[in-house]
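Student: Residue strings, one per chain:
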Amino acid sequence: MRVTKPQPGEVTVQDVNVALFLPHEMLSFLHTAEPAAFTSKLIGDESPKDFWKELEARKDPRLDGHPMKDRERWREFSIPIAWHGDGVPCLGKGGKNTKSFEVYSWSSILSSGNSLSTKIYCWGYFGDNKDGEVSLVPVWQKVMWSLDWAHRGVWPNCDEHGTPYPPRSLEAKRAGTPLAGGYFLTLYTFKQDLDHLAREYGLADYRSNYPCELCGAHKLLAAWGMNFNNFNAGADWMSTIRTAAEWNASHPAPHPLFQWPWITCLNIEPDEAHALHLGVSQHTLGSVLWLLVYSCDRLDGSPQQNLDTVWAAIRDEYRRLKSPTQITGLKLSSFHDPNKPYAEFPCLHIKAAETKDLVEPLRAVWERYRSPGEEDHGFISNMFEFLCAMQSILHIHRKKALLPRPAALDFRNACRSFLREYSKLANSADAERVLLFATVPKHHWVWHMGDRGMLINPRKSCCLLDEDYIGRLKEVVASCAHGTALHVIQAKVAEQYRVGFWITTKFGV
Amino acid sequence: MPPKKKLRLVDLLATEPDSKLALHLIRKWSWGLYSATEVSVLAREALADQKVLLEKVGAPANFASRSLEMLANIGSQGSITKNIYTHTNTNTLIHTHTLNQTNKQTNNIHWVQNEIGVWYGGSDGLIVVSHQACMLTMLAAIYYRFWGIRQFQNLFSLRPLCGLRSLSLERSLSRM
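Just so you know, the protein sequences line up as chains A and B, in that order.
The first sequence lines up with residues 1 to 509 when you count with this note's numbering.
The second sequence lines up with residues 1 to 176 when you count with this note's numbering.
It is possible that some hints are incorrect.
[Unchecked claim] Mimicking SDA-like on lysine to any residue, the simulated pairs with C-alpha atoms at most 25 Å apart in a straight line are:
1) A:K506 x B:A46
2) A:K130 x A:A481
3) A:K400 x A:P89
4) A:K506 x B:P60
5) B:K28 x A:K219
6) B:K28 x A:K69
7) B:K28 x A:K400
8) A:K69 x A:P89
9) B:K28 x A:D468
10) A:K492 x B:W31
11) A:K474 x B:A46
12) B:K20 x A:S40
13) A:K99 x A:D468
14) B:K20 x A:F501
15) B:K28 x A:R498
16) A:K399 x A:P61
[Said to hold, decoys possible] Here are the computed distance ranges between Cβ atoms for each label pair:
17) A:N209 x B:L33: 44 to 50 Å
18) B:L33 x A:N17: 23 to 29 Å
19) B:L54 x A:T98: 48 to 54 Å
20) A:A33 x B:A61: 53 to 59 Å
21) B:K20 x A:V137: 27 to 33 Å
22) B:L33 x A:D15: 29 to 35 Å
23) A:H395 x B:D49: 34 to 40 Å
24) B:A61 x A:G113: 41 to 47 Å
25) A:T4 x B:R66: 53 to 59 Å
26) B:D49 x A:E133: 53 to 59 Å
27) B:L33 x A:H161: 56 to 62 Å
28) B:R66 x A:T39: 29 to 35 Å
29) B:L33 x A:K69: 55 to 61 Å
30) B:F63 x A:Q141: 32 to 38 Å
Hint data in this document are derived by calculation from the structure and do not stem from the laboratory.
Built from N, CA and C at the ideal position, the CB exists for glycine as well.
Let's have the full structure, built from the sequences with the hints guiding it.
Tutor: Structure (structure tokens):
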């Protein structure tokens, strides 16, 4: 790794000890030392058997050729886990010297609860210490070795290089014995934002002409049928959803996390928090607010007066609906540049949870002030209806690993209908040469989210919990950073986290 | 001279803490919400309370929580024993001599305000005010020492960082 401030006479790139919480050891620790925590953290309220049986019934392509199916009673003992990776700015925040700490953690898909009671840290490092992808290969090798043995469910008989343990050593004595009474971990989904997907895993960049890893959609205008923001039923790209074999063939040297043939793009889950709340919903709410403030017939004051009226109405709706996460104020600059109201697409910049809980109140406000005769206003009402339906389905079934089949179908239909209504509004705005209802790659990911809703509850692949978790780790990193070299901080963080994890596990959050 | 025995917060987990407060303090420290200094200071105060109570009921002082005692002995970086307090129950305001001596040796001196509003000076051998009643007198003394209201305001308007207010004492002293 690259050492930012080497001692005199030392080279910049050095071997650095990296602290890891190996998943197979954590599995064993929880099962043997803290059985109650094992149940709450990894098994949760749902039975693994029911989960896997339902997925088999729904013909989940991720199970095709999966090696665990060769084992006896695998449905009872396989614990599906979600892997999360993200960076969090910890030091020098706000300036050009901002240093982000990349955090990798995992959690069981079956469990539910708050971030500290469900998530388990694996490792982390500062991006500034990374000396190219090659520098992290030994770490990933060790992580994958651990995940491999956690998947086998027994203690390893060799180290990560394949060297057998010396006879009579502790490792040799326990080799082959069960880690957790037969339970094993199955890496099943990946959660992250789109930026992390491209930056750390080297997959499709959402800013490129080919923004989607899951299908062949692109941004080239030549073939409209393949365009990523064409949501008409039967668009060409909808028939190019990649299979595991196709993805493996097109990625001969993937990131180490994707080295197993049964881990492919099918395991990458669209994230509700980033794609829906921080993407689609923010663009939608921004455009609707713009319309209310600048072009609503029933609000004829200045933009600021109109916004004050809208905000008063939103507060009334907050009170009526008892929204759990409310914004405390709304300015013109919250969704666009008031000095150049026609120069850019509006987008409401608030937090994900705030966005989620603003949709329903703004819908009610929109219904109060819209013009009944206008066709576009009808599209917006429809769009709100579908967006609220999506949120409602996810909220009702928020604790389940799988949406019930009717709910999954409703969710998919709501996603597709929403995107179609949104496209109509975007096209209408284009025709009128107004910058409203921007279509971004996140809209495309929402389509995939609806499609995947049958195979996993999108709320389970939502990063809101993970964002909270890395926020807590940020505090730990900041408290360890004082007077410590950048490349050593991750070791101090691990030492401190060990204490926090133990207390949380033993005594509760 | 044998090397100083190092005591670290993480070592305390060899045994289960016998005090809810100790557990709470370690939890806060482990999630980065309290610094080791703050943990030590709060443990020290709680331990002093326990000892006073034990004395009142005529019980021996070693009935006090061992976990709190260990936490109270943690140093500012969590690695050096007994380097926050040198005296207890002292009403000394600011021990200028000690400050100046320390000032020459280390620049890791911090001013810390804990939850009950008592001000402490930083690390090795620094005298602290551990009696709440002295708060106003101490503030008055600091105000008197600083030559203008602005510096006084600057000193006390610092934003908390991880629950602590910190300021290089070296810089503050240079203004005196």
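Student: Each hint: holds or not?
Tutor: Hints and how they fare:
For a cut-off of 25 Å, the pair hint linking K506 (chain A) to A46 (chain B) stands: about 24 Å separates their Cα positions. With a C-alpha separation of about 18 Å, the suggested pairing of K130 (chain A) with A481 (chain A) holds against the 25 Å cut-off. Of the pairs offered as hints, the one joining K400 (chain A) and P89 (chain A) is violated, with about 32 Å between alpha carbons and a cut-off of 25 Å exceeded. Distance hint between K506 (chain A) and P60 (chain B) is unfulfilled; the C-alpha atoms sit about 31 Å from each other, more than 25 Å.
Proposed proximity of K28 (chain B) and K219 (chain A) is contradicted: the alpha carbons are some 49 Å apart, above 25 Å. This hinted pair does not check out: K28 (chain B) and K69 (chain A) have alpha carbons roughly 44 Å apart, beyond 25 Å. Distance hint between K28 (chain B) and K400 (chain A) is unfulfilled; the C-alpha atoms sit about 32 Å from each other, more than 25 Å. Of the pairs offered as hints, the one joining K69 (chain A) and P89 (chain A) is violated, with about 41 Å between alpha carbons and a cut-off of 25 Å exceeded.
With a CA separation close to 17 Å, the supplied pair K28 (chain B) and D468 (chain A) stays within the 25 Å bound. The hinted pair formed by K492 (chain A) and W31 (chain B) meets the criterion: a straight-line CA distance of about 12 Å does not exceed 25 Å. Proximity of K474 (chain A) to A46 (chain B) is assessed by CA-CA distance (about 29 Å); at most 25 Å being required, the pair is judged violated. For the proposed pair K20 (chain B) and S40 (chain A), the alpha carbon gap of about 23 Å is at most 25 Å, so the pair holds.
Distance hint between K99 (chain A) and D468 (chain A) is fulfilled; the C-alpha atoms sit about 19 Å from each other, no more than 25 Å. At most 25 Å may separate the alpha-carbon atoms for a hinted pair to count; K20 (chain B) and F501 (chain A) meet this at roughly 17 Å. Between the alpha carbons of K28 (chain B) and R498 (chain A) the distance comes to roughly 13 Å, so the proposed pair stays at or under 25 Å and holds. Restraint check for K399 (chain A) and P61 (chain A): the C-alpha separation of about 23 Å stays at or below 25 Å, so the hint holds.
The hinted window of 44 to 50 Å between N209 (chain A) and L33 (chain B) holds, with their beta carbons roughly 46 Å apart. Taking the beta carbon of each, L33 (chain B) and N17 (chain A) are about 27 Å apart, inside 23 to 29 Å as hinted. Roughly 51 Å separates the CB atoms of L54 (chain B) and T98 (chain A), a value that falls within the hinted 48 to 54 Å. Between A33 (chain A) and A61 (chain B) the CB atoms are about 35 Å apart, so this pair departs from the stated range of 53 to 59 Å.
Between K20 (chain B) and V137 (chain A) the beta carbons are some 46 Å apart, a value that contradicts the proposed interval 27 to 33 Å. At roughly 33 Å, the beta-carbon separation of L33 (chain B) and D15 (chain A) lies within the given 29 to 35 Å, and the hint holds. Judged by the Cβ atoms, the range 34 to 40 Å given for H395 (chain A) and D49 (chain B) is violated: they are separated by roughly 47 Å. Here the CB-CB span from A61 (chain B) to G113 (chain A) is close to 42 Å, well matched to the stated 41 to 47 Å.
For the hinted restraint 53 to 59 Å between T4 (chain A) and R66 (chain B), the CB-CB distance of approximately 41 Å leaves it violated. In this structure the hint that D49 (chain B) and E133 (chain A) lie 53 to 59 Å apart at CB holds, the actual value being about 55 Å. In this structure the hint that L33 (chain B) and H161 (chain A) lie 56 to 62 Å apart at CB is violated, the actual value being about 40 Å. With their beta carbons about 32 Å apart, R66 (chain B) and T39 (chain A) fall inside the hinted range of 29 to 35 Å.
As the Cβ distance of L33 (chain B) to K69 (chain A) is approximately 45 Å, the hint placing it in 55 to 61 Å is violated. At about 53 Å, the beta-carbon gap between F63 (chain B) and Q141 (chain A) misses the expected band of 32 to 38 Å.
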